[in-house]
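Asks: Listed here are the chains, written in short residue letters.
2 protein chains.
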Amino acid sequence: MTESVPPRSRPGPRRGLTERAILDAALRLVDAGGAEALSVRSVAAEMGVAPNALYTYFRTKADLVAALGDDLLGRLDLDAALGDADWRSAVVRLAADLRATLLAHPGVVPLLLHAGFAGPRALVAGEVLLELLSRGGLPADDTARASYLLQTYVLGTVALDAAELPPGAARPDDAARTAERRRALGGADPALLPRTAAAADVVAAYNGDAQFRWGLDRLLDGL
Amino acid sequence: MTESVPPRSRPGPRRGLTERAILDAALRLVDAGGAEALSVRSVAAEMGVAPNALYTYFRTKADLVAALGDDLLGRLDLDAALGDADWRSAVVRLAADLRATLLAHPGVVPLLLHAGFAGPRALVAGEVLLELLSRGGLPADDTARASYLLQTYVLGTVALDAAELPPGAARPDDAARTAERRRALGGADPALLPRTAAAADVVAAYNGDAQFRWGLDRLLDGL
DNA sequence: ACCTGAACACCGTTCAAGT
DNA sequence: ACCTGAACACCGTTCAAGT
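Going down the list, the protein sequences come from chains A and B. With my numbering, you'll find the first sequence wraps up at 770, consecutive numbering, no jumps. With my numbering, you'll find the second sequence wraps up at 770, consecutive numbering, no jumps.
Source of the hints: derived by calculation from the structure; they are not laboratory data. Every clue listed holds true.
Partner residues aside, some chain A positions facing chain B, computed with beta carbon under 7 Å:
hint, residue
1, H661
2, L696
3, G703
4, A706
Where is the CB? At the ideal position from N, CA and C, for every residue including glycine.
Let the sequences and hints guide you as you build the complete structure.
Replies: Here is the structure:
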């Protein structure tokens, strides 16, 4: 009998290969294996296409990474923050949302930090933060600087937390966090670093979210 | 006439290839070409040895990167901070030193963020920060959390700033910063992002260091 | 317009061998 | 102990060609 069409491996368009599907596949890979599991070739393999097929949708790998990061920022619930009558709790809500969204995909964090926050979704989120702060009645210049301050705080926190999260693993509980912090102290002699040894217990005893909100409150108190 | 020893390309030990020299070469490459200019092979080429020669000194590239980051933290002037009679100005001094040290080598920043701050030099610097904060008379638990807060702030600031610094270029002045911020807004319609457009001018009008110290002061006020 | 195959100049790392 | 040469399984990207 004559061969019918070979399953699917000839040139030409395919439905199913879209920008959206590529970003979903990329996020899946990063979630499973961390930032270094993301390559043009691994994404292509995940989608069952030739590596260079992706260049129809993204000009370079850097563009793909930027789009992946911005896509994540597009998932923030900006309306929820804008709808909060109290400006300060609205800011806390937005900051916590950003933190949770990024830590749900810790492998993306180093990619995002390297790429910067210049995508369209990032700009919109920044605009919302400025709106919320302006409701607080700060002097105009302070609003701009406070926005920058808040962004750096959230990013710094997320960066440090994400660096501790091994790819593909479940979020560690408090006990695991404590163990990890102690491990990070490594072979260092606790007698030489008495305050560090003590602080590791204190910080680890709070879960990351409580620690995050404590710092956020201190920061808002200073404004 | 008979050939004397070929210049130097045979197996066997060489003086000049040391951990220190490797880190210096690596830093030179990162300074010149950014984080992606750092490869095991590029460092080896810079030193005139075979790529695998480096594996005598570092088990993996990740180990080399971690050592590079920690080496930078070892350049902090901890004694200057400890010698400052006023605890608050000592903290500001240490934070500014850290920021300046990292931004002097912006290409290292993404590497450092990914690797975390778990090296011996990082631990010692953290210990000093805790010491300074404890002089401030905070409750013991707050000292630990304030230390974490300060670290995240400095890191976040540096990460955002470093993402804007092109590798190999001179530190941009205020005019260049303003132009860059406007460019980052890209094709975005300023009418849709009115507050962002206004804030870009405000933030860029301050140099990064003044902005950094403003945030640091707000933060310390909240403690 | 959208995809494939083949190729280019790279990677990090390992292994056997030389000094 | 310290280095080289050669090889392995990878990269991102480009180019010509097929539908």
